[in-house]
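Peer 1: Single-letter residue listing:
Number of protein chains: 2
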Amino acid sequence: MHNILDIHLTQKILEDNDQLALHNREHFDEEGITAFNFMSAPGAGKTTLIIELIKALKNQFACAVIEGDMVGELDTKRMKDADINAFQISTGKACHLDASMVARLLHEQSFDGTDILFLENVGNLVCPAEFALGEHVNVVLLSVSEGDDKPFKYPVIFQKCDAVVLTKCDLLPHVDFSIERAKSFLKDLNPDAAVFEVVAGKRPYSNNQFDQLVAWLSEKGKSFQK
Amino acid sequence: MHNILDIHLTQKILEDNDQLALHNREHFDEEGITAFNFMSAPGAGKTTLIIELIKALKNQFACAVIEGDMVGELDTKRMKDADINAFQISTGKACHLDASMVARLLHEQSFDGTDILFLENVGNLVCPAEFALGEHVNVVLLSVSEGDDKPFKYPVIFQKCDAVVLTKCDLLPHVDFSIERAKSFLKDLNPDAAVFEVVAGKRPYSNNQFDQLVAWLSEKGKSFQK
Numbered sequence: 022m023h024n025i026l027d028i029h030l031t032q033k034i035l036e037d038n039d040q041l042a043l044h045n046r047e048h049f050d051e052e053g054i055t056a057f058n059f060m061s062a063p064g065a066g067k068t069t070l071i072i073e074l075i076k077a078l079k080n081q082f083a084c085a086v087i088e089g090d091m092v093g094e095l096d097t098k099r100m101k102d103a104d105i106n107a108f109q110i111s112t113g114k115a116c117h118l119d120a121s122m123v124a125r126l127l128h129e130q131s132f133d134g135t136d137i138l139f140l141e142n143v144g145n146l147v148c149p150a151e152f153a154l155g156e157h158v159n160v161v162l163l164s165v166s167e168g169d170d171k172p173f174k175y176p177v178i179f180q181k182c183d184a185v186v187l188t189k190c191d192l193l194p195h196v197d198f199s200i201e202r203a204k205s206f207l208k209d210l211n212p213d214a215a216v217f218e219v220v221a222g223k224r225p226y227s228n229n230q231f232d233q234l235v236a237w238l239s240e241k242g243k244s245f246q247k
Numbered sequence: 022m023h024n025i026l027d028i029h030l031t032q033k034i035l036e037d038n039d040q041l042a043l044h045n046r047e048h049f050d051e052e053g054i055t056a057f058n059f060m061s062a063p064g065a066g067k068t069t070l071i072i073e074l075i076k077a078l079k080n081q082f083a084c085a086v087i088e089g090d091m092v093g094e095l096d097t098k099r100m101k102d103a104d105i106n107a108f109q110i111s112t113g114k115a116c117h118l119d120a121s122m123v124a125r126l127l128h129e130q131s132f133d134g135t136d137i138l139f140l141e142n143v144g145n146l147v148c149p150a151e152f153a154l155g156e157h158v159n160v161v162l163l164s165v166s167e168g169d170d171k172p173f174k175y176p177v178i179f180q181k182c183d184a185v186v187l188t189k190c191d192l193l194p195h196v197d198f199s200i201e202r203a204k205s206f207l208k209d210l211n212p213d214a215a216v217f218e219v220v221a222g223k224r225p226y227s228n229n230q231f232d233q234l235v236a237w238l239s240e241k242g243k244s245f246q247k
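Each protein sequence line maps, in turn, to chains A and B. Under our numbering, think of the first position of the first sequence as 22, with each following residue one higher. Under our numbering, think of the first position of the second sequence as 22, with each following residue one higher.
Chain A with its partners taken away, still in its complex shape (with noise of 0.2 Å):
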């Protein structure tokens, strides 16, 4: 049918974004941001995971996060009311972020004074991977809730991000999912990015590595500041 114009297109929107996320990237490192793009299946925890990572990191560095949804401002208000400096996209019918979106919130507001800029994707295992938005570091969440395969099942994004948060650990023991076996998938498809077994809320988890994602950003955050 359309095939052929359909995947000249695709190359072209492509091609498009990542030169705009270049354009992002410098706009970035020019205003000494670190910039982490949090991506993931809906639900696994994205806006209450980036709450805690910034209440942790907020003594080191002024946190800001971009919100990234079809419709609604849900989020973006949970994180106001949580004194966050936030700031809504909203993506329509698009199922992910682009760079031009991302872009045009940086010509409208000021990220001035912001250390670590979280970029907060729509709920999505699979086109975000596509879209670069000049984001430094990609950290993948992984809900133990949604099954120990999803890496297997979804390999681009899991191929191309930096770390994998695996979430909701405190549900564990009521869910099948085996740490070994996702892991032993994430290896196969990245065996560089870092994994974190975490419980972002105050469940309790006896092997929760929350800190150590804590400094392992804090470290990324650093190592991207002029």
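Be careful, since some hints might not be right.
Intra- or inter-copy, both count: the list cannot distinguish identical chains.
Straight-line Cα separation of at most 25 Å, DMTMM-like style, residue types lysine to aspartate or glutamate; simulated pairs [to be verified]:
| no. | residue 1 | residue 2 |
| --- | --- | --- |
| 1 | Lys181 | Glu47 |
| 2 | Lys114 | Glu151 |
| 3 | Lys76 | Asp133 |
| 4 | Lys223 | Asp197 |
| 5 | Lys241 | Asp197 |
| 6 | Lys114 | Asp209 |
| 7 | Lys114 | Glu36 |
| 8 | Lys101 | Asp197 |
| 9 | Lys98 | Glu201 |
| 10 | Lys181 | Glu94 |
| 11 | Lys114 | Asp183 |
| 12 | Lys79 | Glu240 |
| 13 | Lys114 | Glu240 |
| 14 | Lys114 | Asp213 |
| 15 | Lys101 | Asp133 |
| 16 | Lys79 | Asp50 |
| 17 | Lys208 | Glu94 |
| 18 | Lys204 | Glu94 |
| 19 | Lys204 | Asp183 |
| 20 | Lys114 | Asp37 |
| 21 | Lys223 | Asp191 |
| 22 | Lys243 | Glu201 |
| 23 | Lys241 | Asp39 |
| 24 | Lys98 | Asp197 |
| 25 | Lys76 | Asp197 |
In short, the hints are calculated from the structure, not lab data.
Knowing the structure of chain A, use the given hints to seat chain B on it.
Peer 2: Then chain B, alone, in the frame of chain A:
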């Protein structure tokens, strides 16, 4: 940038898809097949639920499954291990099934004698809603571990469906999910959608409406048979 071309092409792709979906639907109707399109975020439990549904329906209906995944055949293998007639579609980088993928399979494989065909879409709460496959009934799963705000945040897929299945309800004591809040969002979007609270496996849940879901699907299955 490429917005106008983009919108026109998206429209053309969706129109082409709708036309092919119509062709699939005619094919299903000629063969006396009722097609259910099961959609959800990754890891909401589509495969597990479909296996359990087919066990419950198989005395009444000859069932088959088309599995949509980016890569691999993990779910098709799970189906075959449960003695279910299953066919894999690998979508590659695509984040949803489309009508042409289904049409191709319908022409390659025989679905003779099938009464009910389950189409298990790629795990994604955004794009599958835009691509009709020729199905008679759309079912969206929402795992309670994903949070009760998902219908509000991903409205298109919940607006277009005939039923919503709240899955993994055995996790309710361990997660922050209000059935009432989820139902209230759904009611605003789609007051006619049937809603079922379900645990698909052997875990206990006092208000398990799995049997009601089986009865509802069975009714749909009969109503579209010639």
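Peer 1: Next, verify each hint and record whether it holds.
Peer 2: How the hints compare with the structure:
1. Taking the shortest alpha-carbon separations for Lys181 and Glu47, only the intra-copy value of 20 Å comes in at or below 25 Å, while the best inter-copy value is 41 Å.
2. In this assembly of identical chains, the alpha carbons of Lys114 and Glu151 lie at most 25 Å apart whether taken from the same copy (17 Å) or from different copies (9 Å).
3. For a Cα distance limit of 25 Å, the shortest separation of Lys76 from Asp133 inside one copy, 20 Å, qualifies, whereas the shortest one across copies, 59 Å, does not.
4. Both within a single protomer and between protomers do Lys223 and Asp197 lie at most 25 Å apart by alpha-carbon distance, with minima of 22 Å and 12 Å respectively.
5. For the homomeric pair Lys241 and Asp197, neither the shortest alpha-carbon distance inside one copy (33 Å) nor that between copies (31 Å) is at most 25 Å.
6. Only between protomers do Lys114 and Asp209 lie at most 25 Å apart by alpha-carbon distance; the minimum there is 19 Å, versus 33 Å within a single protomer.
7. With identical chains, the CA atoms of Lys114 and Glu36 are at most 25 Å apart both within one copy (21 Å) and between copies (16 Å).
8. Within a single copy, Lys101 and Asp197 get their C-alpha atoms only as close as 35 Å, which misses the 25 Å cut-off; across copies the closest is 20 Å, which meets it.
9. Taking the shortest alpha-carbon separations for Lys98 and Glu201, only the inter-copy value of 21 Å comes in at or below 25 Å, while the best intra-copy value is 36 Å.
10. Taking CA atoms no more than 25 Å apart as the test, Lys181 paired with Glu94 passes between copies only; the shortest distance there is 22 Å, against 28 Å inside one copy.
11. Taking the shortest Cα distances, Lys114 and Asp183 sit within 25 Å of each other only across copies (20 Å), while inside one copy they are farther apart (28 Å).
12. Proximity of Lys79 and Glu240 under a CA criterion of 25 Å is satisfied intra-copy only: 14 Å inside one chain copy versus 56 Å between copies.
13. Neither within a single protomer nor between protomers do Lys114 and Glu240 lie at most 25 Å apart by alpha-carbon distance, with minima of 36 Å and 33 Å respectively.
14. In this assembly of identical chains, the alpha carbons of Lys114 and Asp213 lie at most 25 Å apart only when taken from different copies (23 Å versus 34 Å within one copy).
15. Within a single copy, Lys101 and Asp133 get their C-alpha atoms as close as 18 Å, which meets the 25 Å cut-off; across copies the closest is 57 Å, which misses it.
16. Taking the shortest alpha-carbon separations for Lys79 and Asp50, only the intra-copy value of 20 Å comes in at or below 25 Å, while the best inter-copy value is 60 Å.
17. Only between protomers do Lys208 and Glu94 lie at most 25 Å apart by alpha-carbon distance; the minimum there is 19 Å, versus 36 Å within a single protomer.
18. Within a single copy, Lys204 and Glu94 get their C-alpha atoms only as close as 34 Å, which misses the 25 Å cut-off; across copies the closest is 19 Å, which meets it.
19. In the homo-oligomer, the alpha carbons of Lys204 and Asp183 lie at most 25 Å apart inside one protomer (14 Å), although the nearest pairing across protomers, at 37 Å, exceeds that limit.
20. Proximity of Lys114 and Asp37 under a CA criterion of 25 Å is satisfied in both settings, with 20 Å inside one chain copy and 19 Å between copies.
21. Taking the shortest alpha-carbon separations for Lys223 and Asp191, both the intra-copy value of 10 Å and the inter-copy value of 21 Å come in at or below 25 Å.
22. In this assembly of identical chains, Lys243 and Glu201 lie within 25 Å of each other by CA distance neither inside one copy nor across copies; the values are 31 Å within and 44 Å between.
23. Within a single copy, Lys241 and Asp39 get their C-alpha atoms as close as 22 Å, which meets the 25 Å cut-off; across copies the closest is 47 Å, which misses it.
24. In this assembly of identical chains, the alpha carbons of Lys98 and Asp197 lie at most 25 Å apart only when taken from different copies (18 Å versus 33 Å within one copy).
25. For the identical chains of this complex, Lys76 and Asp197 are inter-copy neighbours only, at 21 Å across copies versus 31 Å inside a copy, given an alpha-carbon limit of 25 Å.
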